[in-house]
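Enquirer: Chain order of the listed sequences is A and B. Residues 1 to 337, numbered by this note's numbering, are exactly what the first sequence covers, in order. Residues 1 to 324, numbered by this note's numbering, are exactly what the second sequence covers, in order.
If you're looking for bench data, these hints aren't it; they were derived computationally from the structure. One thing to keep in mind: the hints can contain errors.
[Claimed, not checked] Here are the computed lysine to aspartate or glutamate pairs in the EDC-like style, where the Cα-Cα straight-line distance is at most 20 Å:
| no. | chain 1 | residue 1 | chain 2 | residue 2 |
| --- | --- | --- | --- | --- |
| 1 | A | K118 | B | D319 |
| 2 | B | K306 | B | E33 |
| 3 | B | K135 | A | E16 |
| 4 | B | K135 | A | E22 |
| 5 | A | K118 | B | D315 |
[Unchecked claim] What the simulated footprint calls covered on chain B by chain A, stretch by stretch (three residues with Cβ under 8 Å from a Cβ of chain A suffice, anywhere in the stretch; the number is not a length):
| no. | segment |
| --- | --- |
| 6 | 88–102 |
| 7 | 106–116 |
| 8 | 121–131 |
| 9 | 149–158 |
| 10 | 267–280 |
All residues carry an ideal CB built from backbone N, CA and C; glycine is no exception.
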Amino acid sequence: MAKMMYRDAVVSTIAEEMERDENVVCLGEDIVGGMGTPGGPEAIGGIWSTSTGLFGKFGADRVIDTPISESAIMGAAAGLALSGKRPIAELMFADFIGVSLDQIWNQIAKFRYMFGGKTKCPAVIRMAYGAGYNAAAQHSQAVHQILTGMPGLKVVMPTTPADVKGLLRTAIRDDDPVIFLEHKALYGVSGEVPDDPDYMIPFGHARLSRAGQDVTIVSTGLLLGFCEAVADKLAAEGIGCDVIDLRTTSPLDEETILDSVEVTGRLIVVDEAPPRCSLGADICALVAEKAFASLKAPPLSVNPPHTPIPFARELESAYLPSVDKIEAAVRKVLGYR
Amino acid sequence: MQLSREALLRAYRQMKVIREFEERLHVDIQTGEIAGFTHLYCGQEAVAVGVCEHLDNDDKIVSTHRGHGHCLAKGCDVNGMMKEIWGSRDGLCKGKGGSMHIADVDKGMLGANGIVGAGAPIAVGAGIAAKIDGKGKVAITFSGDGACNQGTTFEAMNMAVVTKAATIFVFENNHYSEHTGYQYAVGTSGDIASRAEAFGMKVWRGDGTDFFSVYETMREVLDYVRVPGNGPAAVEFDTERFFGHFEGDPQRYRGPGELDRIREMRDCLKNFRKSVTDAGLLEHADLDALDAEVLEAIEESVRQAKAADRPTAEDVLTDVYISY
Chain A
1 MAKMMYRDAV
11 VSTIAEEMER
21 DENVVCLGED
31 IVGGMGTPGG
41 PEAIGGIWST
51 STGLFGKFGA
61 DRVIDTPISE
71 SAIMGAAAGL
81 ALSGKRPIAE
91 LMFADFIGVS
101 LDQIWNQIAK
111 FRYMFGGKTK
121 CPAVIRMAYG
131 AGYNAAAQHS
141 QAVHQILTGM
151 PGLKVVMPTT
161 PADVKGLLRT
171 AIRDDDPVIF
181 LEHKALYGVS
191 GEVPDDPDYM
201 IPFGHARLSR
211 AGQDVTIVST
221 GLLLGFCEAV
231 ADKLAAEGIG
241 CDVIDLRTTS
251 PLDEETILDS
261 VEVTGRLIVV
271 DEAPPRCSLG
281 ADICALVAEK
291 AFASLKAPPL
301 SVNPPHTPIP
311 FARELESAYL
321 PSVDKIEAAV
331 RKVLGYR
Chain B
1 MQLSREALLR
11 AYRQMKVIRE
21 FEERLHVDIQ
31 TGEIAGFTHL
41 YCGQEAVAVG
51 VCEHLDNDDK
61 IVSTHRGHGH
71 CLAKGCDVNG
81 MMKEIWGSRD
91 GLCKGKGGSM
101 HIADVDKGML
111 GANGIVGAGA
121 PIAVGAGIAA
131 KIDGKGKVAI
141 TFSGDGACNQ
151 GTTFEAMNMA
161 VVTKAATIFV
171 FENNHYSEHT
181 GYQYAVGTSG
191 DIASRAEAFG
201 MKVWRGDGTD
211 FFSVYETMRE
221 VLDYVRVPGN
231 GPAAVEFDTE
241 RFFGHFEGDP
251 QRYRGPGELD
261 RIREMRDCLK
271 NFRKSVTDAG
281 LLEHADLDAL
291 DAEVLEAIEE
301 SVRQAKAADR
311 PTAEDVLTDV
321 YISY
């Protein structure tokens, strides 16, 4: 095991897979950084430091610094993937799917189906998402709710550096297109990461980060840590919470969620995206449909409100689900009569 | 360079297959037996064939909603295509794609495309792959005078130049983006090639109703783009669309006698026949024999399509993922 930051797990995994397979190529805006400047290539190395050193190691053919052209980046990833390469395309901010969505949604996600199963499109689309930087309405969003609903895509949302390592490796080696959502507020978080060069975590297998008998809390990403804090606090009161880190929202590990709810009878989903047609609504509906007889209280989803993400510190804090809001939700389902 | 007799016969046959495929669809669609939206390529055959006769399976093309001609010219199976358009389970895409999504990646045909302007970025990726592989292969995107106005096309042209992708932008100006004239919608006074040139590419122009103009122009374009390091190029072919934007389009935008005139004066098959017979390269009888053979082949494809297995409800659920 080695201790490393979430962002270093991203770049080291990409480097290892590029070393292993010459068909793996990267592309994105400023992933080299400094092209065409006095500072020269790698003057920056990607604004999230998730591509540092790749250009020096693998060269311009395989580490492709692109203009600010998100549609063309995603389209190029599509064309590379149909031509035998395994592209890893970076969208600097997940919010920019708005300018590139056709290539993700109508092209990459659908090639295999539209072409009658006769092709594959092994593209990984990485993007930094999430609030916590006071970056306001166009640079803070959690977009999994949009992408999870698109057949043909797999959607991955790692929470820990070890999961970044295992899930990103799986994504790069997967023959289907994968959306890999990296929470920007987690990039600096450190954790133990397995050294095994083939360490992979299969998609659709959630991780139980806390175990308890009374309430099931489902989340992923930044908010998972909030859920763990609530579980730890309540444990001191003798209240036990199962905290489930989904890891992937497509495919969804229904079994782990349902097994847990069958024991606890209570469900909280903590989701960073707005409430309508959300992951929370989806999982609450799943449990209502398939574990109705086990329920001791109505399933509850904790989401931000149905508003854009505000800028000011006080406003962003009020917008996001917090430890207090999650604790209140847990107490509400425990107190349901 | 003079084409061999075999090459001439092959080119004519390819164009004739596209023509008769589309003419037959135009008739069959009116019976209501074929579902969905269909956009016919009739009139533009010289472009698809004049381009694709230079290519092999390792060269890629990305097509459009008006894609049947590109597919056939790139080697997609006639029977498989007809079955696909009829929605058969045995169609080229198992009846899941239909007219606008025909693809055969093994043949280098990366898909027709229902989204106008979506193909150009994909061809940039394929062109970057060709550049990386360094074997002198190319990726070609076909775009009309409609798609040339999409931002995706602009992004793709710039990105191709910046990355030195082995990509060729083939613009087919058939004078109508759906139901709107190119002189209205293409801001550079209808000139697409000069716009591509402004992105930093070498550009060519040719007559898209003349197979020999397309073929010889593309020889120059390909000689250039196949040289590693040269990067992309663009070419504009002026051509004609014999049918409407989609089947069922009332075409009230056409001028009086326009369709009769372009069918008479700007028909690539008639032009080809006149050129090769006037020059004594082929006899009318050679071409008449091909005409008959092609008509029978299309008839057979329709027979097969009508008799082919229909997809089942279970087929809805397959081919979404390789594993899930």
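Enquirer: Could you work out which earlier hints the structure fails to respect and list their numbers in ascending sequence?
Expert: Structure breaks hints 3, 10.
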